[in-house]
Amino acid sequence: MAPRVLISDALSPAAVQIFKDRGIEVDFQPNLGKDKDKLAEIIGDYDGLAIRSASKVTPKILEKAARLKVVGRAGIGVDNVDIPAATAKGVIVMNTPFGNSITTAEHAIAMMFALAREIPAADASTQAGKWEKNRFMGVELTAKTLGIIGCGNIGSIVADRALGLKMKVVAFDPFLSPERALDIGVEKVELDDLLARADVITLHTPLTEKTRNVLSAEALAKTKKGVRIVNCARGGLVDEAALAEALKSGHVAGAAFDVFVTEPATENPLFGLPGVICTPHLGASTSEAQENVALQVAEQMSDYLLRGAISNAVNFPSITAEEAPKLKPFIELAEKLGSFAGQLTDTDIKTVRLTYEGAVADLKIKALTSAAVAGLLRPALADVNVVSAPSVAKERGIVVEETTRAATGDYESLVTLTVVTDRMERSLSGTVFADGRPRIVDIKGIKVDAEFAPSMIYVTNEDKPGFVGRFASLLGDAGINIATFALGRDHQGGDAIALVEVDGAVPAEVLAKVQALPHVKQAKPLTF
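Quick note: the sequence shown, position 340, residue 368 per our numbering, numbers continuous.
Since the hints were made in silico from the structure, they are not lab data.
Here the structure is a predicted model, which is why all the values come from computation and not from measurement.
Every residue gets a Cβ at the ideal spot worked out from N, C-alpha and C, and that includes glycine.
Any given hint could turn out to be false.
Said to hold, decoys possible - Here are the simulated lysine-lysine pairs, BS3-like style, with alpha carbons at most 25 Å apart: (1) K92 with K117; (2) K276 with K161; (3) K84 with K66; (4) K117 with K158; (5) K216 with K276; (6) K422 with K475; (7) K475 with K492; (8) K354 with K392; (9) K117 with K64; (10) K252 with K356; (11) K117 with K356; (12) K276 with K252; (13) K194 with K252; (14) K64 with K84.
Said to hold, decoys possible - Quick list of simulated restraints, FRET-style, between CB atoms: (15) F299 with A245: 13 to 21 Å; (16) F299 with D55: 37 to 45 Å; (17) A171 with E91: 46 to 54 Å; (18) D55 with T170: 30 to 38 Å; (19) T294 with S501: 22 to 30 Å.
Work out the full structure, taking the sequences as your base and the hints as a guide.
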């Protein structure tokens, strides 16, 4: 029996034809996504669901989806899909992460021109019957410095277009290698350097805890007087209230925003201010982009339903049903080792090395490596997943190396992750015991034995008497309960490590007190 696909949002007729040409039965109901009850009523008859943003794939919908194998989102955002519920149901969720790149980059360039020449205000004035030729004195973009915060897929396209405009381009991106920066013709700089030098700043980074308010009041104060700011990436990257004050004071000459902290944005601190241009999240709104993502999602879903091939999945690696039971705990181990390293790494990553020893070396290590790289990059790049991680790493010039060898130590299987940056090299090792639970067994050559937990504190210190007591007392005085406490050291009086599982999040002020303890070199919160 041929697979059946339901399209519940407006999608290009060309996508419908792709399904038909591949022998898939397709039901095109472009307005169904707005009626969640009707969608829930009929979803049980379909193997695939193709959507845009109107359809909400909730646990209720998934509960009724007895046959559903794949949800395909034409676009990058999957906020309207309950990913954990889909994963628990065994439903693959795919998106099309690169179909909107050119369109979004072009919108940022258009906003930059509109700011430089005050086009919206000049248009409104002229159409109102005024002829205020002397009022609208713009600036040239040629020879100006463009600062790009986030130089991945979209940011690198913006850089290419800006270089064509004869602008000087500097970029801040911890995951952009010097080699990749050279290839695309930009100067890689630190954030403070970018703020001090840029005439125009444009943002092209995901919204994560590390990037939230990357342009804060403090950061805006470091910018050149007269800077112009463009945000076509995500609301929340810029402190909107702080930017409003900087615009009112004249320090910032203008701002062009396509995205806002709260959307739909019916009111905002930026609205009504001189020199501000706002558009209603139009970054992906071109006919070409809509066509591209529709065709891509139809091809991806067809490949999966007919051949089992998985591409751009956000919730599952490419593995077969036979491999899954053996591979699953090692995927979890690899991803958590990557997450551990990613939460500790703030500098540029040049190389990632994965070494697989023993029985694990006979499994599909590509899936494990993808999981490790995804965990490593996710603290800074929220949208990265086990499928997209290798291409995201390659895009940023990160070299990923894999080595397999026979077991040489105490463990039947051992996975070692090594991260190399310009400043350091850090290795972590882990294994999976008979109970199926991933454990970390070595950090920087120091033996430990700990399970990964939702909330942990990682401390490196000098091995001195009394440290453990002071550390535990500090946590106790702060009302933080210790669940487990793993210790390790390289030799007496040398470097030591404490890896502590605690109940709940660790307040910043408590972490600061830990950092201030005698002999502590580093104290970091970890979440898994």
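For each hint, the structure was consulted:
no., hint, in the structure
1, K92 with K117, "11 Å, holds"
2, K276 with K161, "24 Å, holds"
3, K84 with K66, "12 Å, holds"
4, K117 with K158, "62 Å, violated"
5, K216 with K276, "31 Å, violated"
6, K422 with K475, "32 Å, violated"
7, K475 with K492, "18 Å, holds"
8, K354 with K392, "10 Å, holds"
9, K117 with K64, "19 Å, holds"
10, K252 with K356, "51 Å, violated"
11, K117 with K356, "16 Å, holds"
12, K276 with K252, "15 Å, holds"
13, K194 with K252, "20 Å, holds"
14, K64 with K84, "7 Å, holds"
15, F299 with A245: 13 to 21 Å, "19 Å, holds"
16, F299 with D55: 37 to 45 Å, "42 Å, holds"
17, A171 with E91: 46 to 54 Å, "59 Å, violated"
18, D55 with T170: 30 to 38 Å, "53 Å, violated"
19, T294 with S501: 22 to 30 Å, "51 Å, violated"
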